[in-house]
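Chemist: Sequence:
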Amino acid sequence: MMTKKPDFTFKQFYINHDHCAMKVGTDGILLGAWAKLSGTQFLDVGTGTGLVAIMLAQRSSQDARVTAIEIDKAAYLQAIENVQSSPWHEKIQVIHQDLIHFDKTCSQKFDVIVSNPPYFQQGVDCRDQQRKTARYTSTLNHLSWLEHCHNLLNKNGLIHFILPYTEGKILQKQTALYCAACCEVITKKGKKPNRLLLSFTPQHCETKMSQLTIYDEQNQYTEEFIQLTKAFYLKF
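So in full-length UniProt numbering, spot 123 of the sequence shown is number 123, and the numbers just go up one at a time.
Rather than coming from a laboratory, the hints here were simulated on the basis of the structure. One or more hints might be untrue.
[Stated by the list, open to error] Think about it this way: if two alpha-carbon atoms lie no more than 20 Å apart in a straight line, the pair counts; the simulated SDA-like pairs of lysine to any residue are:
#  : residue 1 : residue 2
1  : Lys11     : Ala21
2  : Lys208    : Asn151
3  : Lys169    : Lys155
4  : Lys208    : Ile170
5  : Lys208    : Cys182
6  : Lys191    : Lys230
7  : Lys104    : Tyr165
8  : Lys73     : Asp98
9  : Lys36     : Ala21
10 : Lys192    : Thr222
11 : Lys230    : Thr187
12 : Lys169    : Asn194
13 : Lys155    : Ser38
14 : Lys189    : Tyr221
15 : Lys191    : Lys235
16 : Lys192    : Cys205
Based on the sequences and whatever the hints tell you, model everything.
Modeler: Below you can see the structure in the form of structure tokens.
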């Protein structure tokens, strides 16, 4: 589910990821394609390669603006490179900063915030410091991550996360925000869900539940996955 090539080509842009700890993968593509967009001010927290920020720019109106923040210097520089080579570079600003400091210094509020946050808990050995920064929950746990995002959100805005199934369920129980949408991601038909796509809002609402299966029994992409991602994947 993750390419090892130095770049990944989509229909309207390409992503170089040879200097990023976390390569282009299905999680980011799902988040960028699934996140409901409204308004014009978007924030991508932990942008990595810049993939999700570019996907939001492709999907949004001409007057939309995407701010993308990234803590890792190498990933930040690669995100700038990928943004500059995309057709929507004028809509995207990449900032080298972590979420805590961005929350403290940014006076702007956003209509939509997306994030594919670190999800491995501490205690698992990781020898690569760059990969550890990208993947591990250390400085912030998921609830703190969500709370910082909430601070940056407009009162009617939406926060979209993708998380492993168990961690996503825990976060739903912990947060005081309302869950507007919860999509269970199933890798192959017949398997149990292993990811959750989640939308949070400060506004009272009922949770819209859904499921998305990526592969059918014959290991072919399902029609629902094709429809969700066909604006991006060359193969569709």
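Chemist: Which earlier hints turn out false for this structure, listed by number in ascending order?
Modeler: Failing hints, ascending: 1, 2, 3, 6, 7, 9, 15, 16.
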